[in-house]
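A.B. asks: Using the sequences plus the hints, can you model the full thing?
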Amino acid sequence: MTELLSGSDLCLFRGDRCLFTALEFALNTGELLVIEGPNGSGKTSFLRGIAGLLEFETGTVRWSSKRVTDDYQGFRADIVWLSHKVGCKADLNLLENLRFESGLRATDEARLQAVLERLSLSRLTELPLRSLSAGQQRRVALARLLLARARIWMMDEPFTNLDKAGHSLVEELISEHLADGGGCIVASHQALNVDGSTRRVSLQ
Amino acid sequence: MNQPTLNMPSLSSGFLSVVRRDVLLAWKRPGDVLNPLFFFAMVSTLFPLAVGPSSEELAFSGPGVVWVAALLAALLSLNSLFMSDFEDGSLDQLILSPQPLPMTALAKALAHWLITGLPLVLVSPLVAITFQMPAQTISVMMVTLTFGTVSLSLLGSIGAALTVGLHRGTALLSLLILPLAMPILIFGARTVSLAAADDAVSAGVYFLAAYCMLTLTLAPFATAAALRISNE
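Those protein sequence lines, which keep their order, are chains A and B. Mapped onto this note's numbering, the consecutive letters of the first sequence carry residue numbers 4 to 207. Mapped onto this note's numbering, the consecutive letters of the second sequence carry residue numbers 733 to 964.
Honestly, I wouldn't trust all of these hints.
Unchecked claim - Estimated spans, in silico, between C-beta atoms of each pair: (1) Leu854(B) / Asp73(A): 44 to 50 Å; (2) Leu748(B) / Pro131(A): 18 to 24 Å; (3) Glu112(A) / Pro857(B): 41 to 47 Å.
Unchecked claim - Every beta carbon over 12 Å from chain A, so not counted as near; a handful from chain B, in silico: (4) Val855; (5) Ala903; (6) Ala929.
Source of the hints: derived by calculation from the structure; they are not laboratory data. Glycine residues also receive a C-beta, built at the ideal position from the N, C-alpha and C atoms.
C.D. replies: Here is the structure:
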């Protein structure tokens, strides 16, 4: 078990309000890190801070034992980001969106087909995302997650708009990813039932 | 498990993907492309009707009007450059993709030019005919417009990146971009006037080309920095 990510002495302000100080976290391979807390406690901000979209006031985040800021591009190749927004273009169809994604990352066509198969999206490839339901759009976002082949999954409210089957699909995907040696950070207020060791960070 | 070193994608495939996606999006929503173009054609063809048919007056005002219309049309289209990406969450994905952000910014600006600048350059000869410009002047106008619109797309990407988080940032964007765009307007319009008067034009064309190179090399870095700030 090796360390994927860790952070120490993290502090974040939004405006004048201090969301947290002296926060620590660590994530090893095969582990799930759940960020808990009520609405407005800074779960999303914390996640955005780890990803480098926000800057922490103090503290450092380390990735494979170096600072994230020292090799930010390498770090970005190793993470994939899923937020409550789909992050795909509503006017393009599923295949066009995923081909764009595989152009940005080093993936191939075979992988793309396998992902479509896995998420049972093969029938929807020709429709623009606009005409898919919110739940189906979430599945497209999940397809992007699988396509990226990144070790660290960062998920902000992954269960938004998903039905029961979708909910257990997400849990299943996370379990597979953890068994495969990946790591996963989830900000969610819903219970997760995942095989693999789970760490928790609570925000007030 | 995959090693991160194996995961690094090629620069060119990422660059082309962004350009291809934006052009494809414009193709599926042609209104975004046609609006600025329509504005450009309207302003510059209505002007001769208002000024009067005297060919002397038209030849005098033609270059200035075409250039002002081109500048305004470019400004009109800039607001949407990063807006839809910001709203649907694609901007986060672009920033967090393993591609260098300045390259992505350059690809976005290039796609913007292909969508708005290039059609404008291609339509400009039709507009020039209404001002009774001779063929020699038209070719100079197209060259200056090409350099000018490329520079405007790149400069504009900085402004669009800075104002992406603000709603209705169009006025602010114009204020930010216009001072930097003034040299393009002055040299562009003046060079076309000189061509109409049969004077030497190379100095003006060289200046515009140099300005275009300057924006091409510096603007992507400024845009990338601006995107990181506004997306916080």
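A.B. asks: Each hint: holds or not?
C.D. replies: Hints versus structure:
1. Distance hint check: the CB atoms of Leu854(B) and Asp73(A) are about 47 Å apart, consistent with the given range 44 to 50 Å.
2. Range check, Leu748(B) to Pro131(A): Cβ separation about 22 Å, and the 18 to 24 Å hint holds.
3. Distance hint check for Glu112(A) and Pro857(B): the Cβ-Cβ separation is about 42 Å, which falls inside the suggested range of 41 to 47 Å.
4. The beta carbon of Val855(B) sits about 25 Å from the closest Cβ of chain A, which is more than 12 Å, so the claim that it is off the interface holds.
5. With 12 Å as the threshold on Cβ separation, the claim that Ala903(B) sits away from chain A holds: the shortest Cβ distance comes to roughly 25 Å.
6. The beta carbon of Ala929(B) sits about 47 Å from the closest Cβ of chain A, which is more than 12 Å, so the claim that it is off the interface holds.
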